[in-house]
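Construct all of the structure, not just a fragment, from the sequences and the given hints.
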Amino acid sequence: MIIEDLTVRFGAFTAVDRVTLEIPPGRIVGLVGESGSGKSSLARAVSGLVPYTGRIDGAHNVQMVFQDPYASLDPRMTVGDSVAEGVRGRRDRAGRRAEVDRLLGLVSLPADLAGRYPRELSGGQRQRVAVARALGAAPDLLVADEITSALDVSVQGAVLNLVRSLRDELGLSMLFISHNLAVVRYVSDVVAVMHQGRVVEAGPTGQVVGEPAHDYTRALLEAVPRLTGGLRE
Amino acid sequence: MKPRLPRTPAAVAGAALVAAMVVLAVIGPPIWGATAERIDAAAILQGTSTAHPLGTDSLGRDLLARVLVAGRFSLALALAATLIGGLAGIVLGALPSVLPGRAARLITGAVNALVAFPGLLLAMFTAVVSGLGARGAVLGIGVAIAPGFARLTQTLAATVAGSDYVSAARMLGVSRRRVLTGHVLPNIAEPLILQLTQSLGGALLGLAGMSFLGLGVQPPSFDWGRLLFDGFARIYVTPEVALGPAAAIALAGIGFNLLGDAMAKAAARTAPAGKKRTAAVPPDPGEPDPGAVLEVRGLSVAFPGGATPVRELSLTIAPGEIVGLVGESGSGKSLTAAAIGGLVPYPGTVGYGRLLLGGRDVATLSGKELGTALAMVFQDPMASLNPALRVGGQLAEVAIVHQGAGRAEANRRAVDRLGHVHLPDPAATARQHPHELSGGMRQRAVIAMGLMATPRLIIADEPTTALDVTVQRQILRLLREVTEETGAAALFISHDIAVVGGLCDRVMVMYAGRVVEELPVARLAAEAAHPYTRALIASLPDMDTDRDRPLASIPGRQPAPSDVGPGCAFADRCALATARCAAERPPLISYGEAGRVACWEVK
Ligand SMILES: Nc1ncnc2c1ncn2[C@@H]1O[C@H](COP(=O)(O)OP(=O)(O)O)[C@@H](O)[C@H]1O
Ligand code: SF4
Ligand SMILES: [Mg+2]
Chain A
1 MIIEDLTVRF GAFTAVDRVT LEIPPGRIVG LVGESGSGKS SLARAVSGLV PYTGRIDGAH
61 NVQMVFQDPY ASLDPRMTVG DSVAEGVRGR RDRAGRRAEV DRLLGLVSLP ADLAGRYPRE
121 LSGGQRQRVA VARALGAAPD LLVADEITSA LDVSVQGAVL NLVRSLRDEL GLSMLFISHN
181 LAVVRYVSDV VAVMHQGRVV EAGPTGQVVG EPAHDYTRAL LEAVPRLTGG LRE
Chain B
1001 MKPRLPRTPA AVAGAALVAA MVVLAVIGPP IWGATAERID AAAILQGTST AHPLGTDSLG
1061 RDLLARVLVA GRFSLALALA ATLIGGLAGI VLGALPSVLP GRAARLITGA VNALVAFPGL
1121 LLAMFTAVVS GLGARGAVLG IGVAIAPGFA RLTQTLAATV AGSDYVSAAR MLGVSRRRVL
1181 TGHVLPNIAE PLILQLTQSL GGALLGLAGM SFLGLGVQPP SFDWGRLLFD GFARIYVTPE
1241 VALGPAAAIA LAGIGFNLLG DAMAKAAART APAGKKRTAA VPPDPGEPDP GAVLEVRGLS
1301 VAFPGGATPV RELSLTIAPG EIVGLVGESG SGKSLTAAAI GGLVPYPGTV GYGRLLLGGR
1361 DVATLSGKEL GTALAMVFQD PMASLNPALR VGGQLAEVAI VHQGAGRAEA NRRAVDRLGH
1421 VHLPDPAATA RQHPHELSGG MRQRAVIAMG LMATPRLIIA DEPTTALDVT VQRQILRLLR
1481 EVTEETGAAA LFISHDIAVV GGLCDRVMVM YAGRVVEELP VARLAAEAAH PYTRALIASL
1541 PDMDTDRDRP LASIPGRQPA PSDVGPGCAF ADRCALATAR CAAERPPLIS YGEAGRVACW
1601 EVK
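Same order as they appear, the protein sequences are chains A and B. According to the working numbering, the residues represented by the first sequence are 1 to 233, in order. According to the working numbering, the residues represented by the second sequence are 1001 to 1603, in order.
All clues stand as given, with none of them false.
Stretch by stretch, here's where chain A covers chain B in the computed footprint (C-beta under 8 Å, at least three residues):
hint : stretch
1    : 1499-1513
2    : 1530-1540
3    : 1551-1564
Everything labelled a hint here was simulated from the structure, so no lab data went into it. Every residue gets a Cβ at the ideal spot worked out from N, C-alpha and C, and that includes glycine.
Rendered as C-alpha cells:
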C-alpha cells in the first residue's frame, strides 16, 4: 500500500502535511512521534474517517483498532455480537458463530467469551476483542493507533506478541502507531518518525534506531525510559 | 447490574406516592364511580359535611368521590401526553443521524427553534387549533414536551455516534440503520426512560393547568384540572371544594418528580453507599524512625462491603530520597497516596499503626500545615488547576493562604517558582490561563505550585502518564532536581517500571493492595526476586530487547480488592506457585541488601 502526498486539514490547521509512506505487504510499519504530531490524523485518513487530499493506493479494506479499549466496544453488545459485526458475507447463524469462534481463537481468547459483555473483560482482553472484530472483515491493512498505551505493562507484552503473530501467521500488513520508540522498535519492520505533521525520517527499523539521521529521532531515542539509568547522576 | 433505587426518604416517598396513584387509578372508578355520578338536588353546592367531606358540586354530586374517580382519567391523559411527546421527540431527535445532511440540518434547526419557544404557549396554541377537549389538551402537552425530548435524544445520539465503537462499525461496513438500532438506540434508552418518568409529573401538572384554563377536559368528563376549575369559582365561599383536586394534583406531580429524580440518581451513581466500617487496627508498629520524612506502618484503606484495596502497607522515605511505587492499575497505588494526603474519598476508611509526616501524625496536622508540608502532583494537572483563574494568581494564592504573604510578595514568588521549574517565560506564563498551556507546561506549573511552600514530601501520582516520552523525561528531570535542591522526599507512583527504575532510588512493587517487593533501584534489573517483579521487567520491551523472541507476558488478571483470598494474591498467575501459595500468604521479609520480598519460593 502506498500513501502519497497525504494532507489532512482541520480548518486552517494542517495536521498532516504531504506525507508519503509505503507499507509493504505483510509488513508492519511503525509510526512514532509525540502527541499532536499528526499520527492519529494520518491513521484516521487512511481508515477513511476524516477527509484528506492526496492518494492512498492499494488498500481497499482498512480496519482500525483504537487506543482506548474501554471506548471502542459497545457496552451493551456481547463480545460475540461485536465481533460478528465485521463478519462478511451471508452466513447463517451457525456459520457466523463458527466464524466468531475462529476469530476469537486467532487472538487467543476462549470461545466462551462470546457471551460476555465488555465490562466483564480486562483491558487486554478487550483490546484482543477489538482486534478480532477488525480481522473479521479480512482487512488488507490494519491500523493500530496506540493500542497498548491504555494497557498495563503486564498485558502490553501479550498484545505486542499478538501483533507480531498476526503478521507472521496471517501475513497481515499493519500501520502501528505509538509514541514509545521501544514498543515500535519491537514490532515494526520499518519505522517512520513523524514531527509536526511531516515524516522526518523513515527506514528499516535497525537503521532508524541504530543510526538515526534526524535530530528529532535522536531526541526520541534518548527519551525512552530505561530501567537502569539516566536521571540519577 | 441494574442500578437500584437508593433508600432515601425522597425516593421512598416518590415510589409510595406513585404506587398510591396507580392503585387509585385501578380501583377508583369501580368503587366510587356510582357515587361520583349520583345527582342529589337536595345537596347542591354544599361545603364540608359528614356526608360530603369535600362538599358537593352544582348538581349535588359528592366531590371526594369525584376526586378519587378522576385519578384514572388524569393519569391516563398524562401518560398519553408523555408518550406522544416522548415518541415524537425521540423520532425527531434520532432522524438527523440517519437522514442526509440537508434534511438533518433542517430538523436540527427546527428543534432548536422549538426548544427556545415557551412550552405553555406551544401547548395552548396546539390545543386551541386542534379543538377544545381532552384530545386537544393531550396533543398540546405532547407537543410542548416533544422539543425537549428531541434535543436530549440528539445530544445523546451525537455522543454515541462519535464513539470509537460506532467508528469501528462504520469501517466494517455496518449500515446506518443497523448502527442506529444496534448501537445508538440501546445506548440512549436508559436516560430517555428516566426522562419519560420525570416528564409524567410535568405532563400531569400541565394537563391540570390546561383544564383549569378551560382548554382541557369538557363536561360531562372530568379530571382533576376540571374539578379544580369548577371548585375555583367558589373559592371565597367554600374553599374546601378546591382543596381535594389541588392536593391530588400536587401529590401526583411531586410523586413522579421524586421518583424520576431518584431513578436518575440511581443510574448515575457508581459507588454503592453503605454503613461505615473501620479498617482493622494493625499490630504495634515499634519505635518511630526520627530521620524519616514519611513513615507509614500498617496502612489499610477499606470500603464498605469488604473491599480492602490497601493492606498493611509500610514504607519509609528519607530526606532527598525518591521512592517509586509501581504496580498495575488497581493495585492500590493512588489510594495509598490519597491516604497519606488525607484524600481518601467517602465512604472509604483509613487505618494505620503509624502515619508520620515530618515526625507528626498526619491526623494531628491542620489543613494549613499539611498543605505546606506536602505537595501533590496528579496525572491530570487540571485536577490541581482552576481553569477560570490565571496561573500566577493561583500560585500566589498558596503563599497568601498558607504563609500569610502579601499580594505583591506572593506574585513575585509565583513568577520566581514558575521560572524555577524551567518555564521559558515565567512572567508571561503567570498571566496565562491553564488552557493556554501544553500538558507538560501545566504539569510544571503544578510542581511550581507545590514549591510555593517548602514541602517536606512531594507525592507524584502518575504525573507523566499522559505526556509524551520527550516531555516525560523533562518532567522526571525536574522532579529529580527539585528533590536534590530542597531536600524534599518524594513518592513517585507509576505503572511503568522502566520510568520508576530510571528515576527513583528505591522501588516498592505493589500487587493487589500489598507491597510484594522492595529493593534499591540498582538491584532492580538484575536482582529482583519476586516472580511478579521479574515478570513486569521481562514483559517490558526496551531498546535492547531481542526482536526475534516473544515478549514475556503475565497471564490472567489481578484479583479485585474484594476477591483477594487467604493465600498469595499472585498465585493464579505465577509460574512458581505451589499448593502452599494458594493457602497461605507469604509474609514480607527482609531479603538481600536493603530489600524485602513476600514470596514462598524466594530462598
Ligand atoms: N477534529 C479536529 N479538529 C481540530 N484539530 C484537530 C482535530 N483532530 C486532531 N486535531 C489536531 O491535529 C493535531 C494532530 O493530532 P493527532 O493526529 O491526534 O496527533 P497524534 O496522534 O500524534 O496525537 C493536534 O494538534 C490536534 O489538536
Ligand atoms: S508466593 Fe507462590 S504464588 Fe506467590 S509469588 Fe511466590 S511463588 Fe508465586
Ligand atoms: Mg494520538
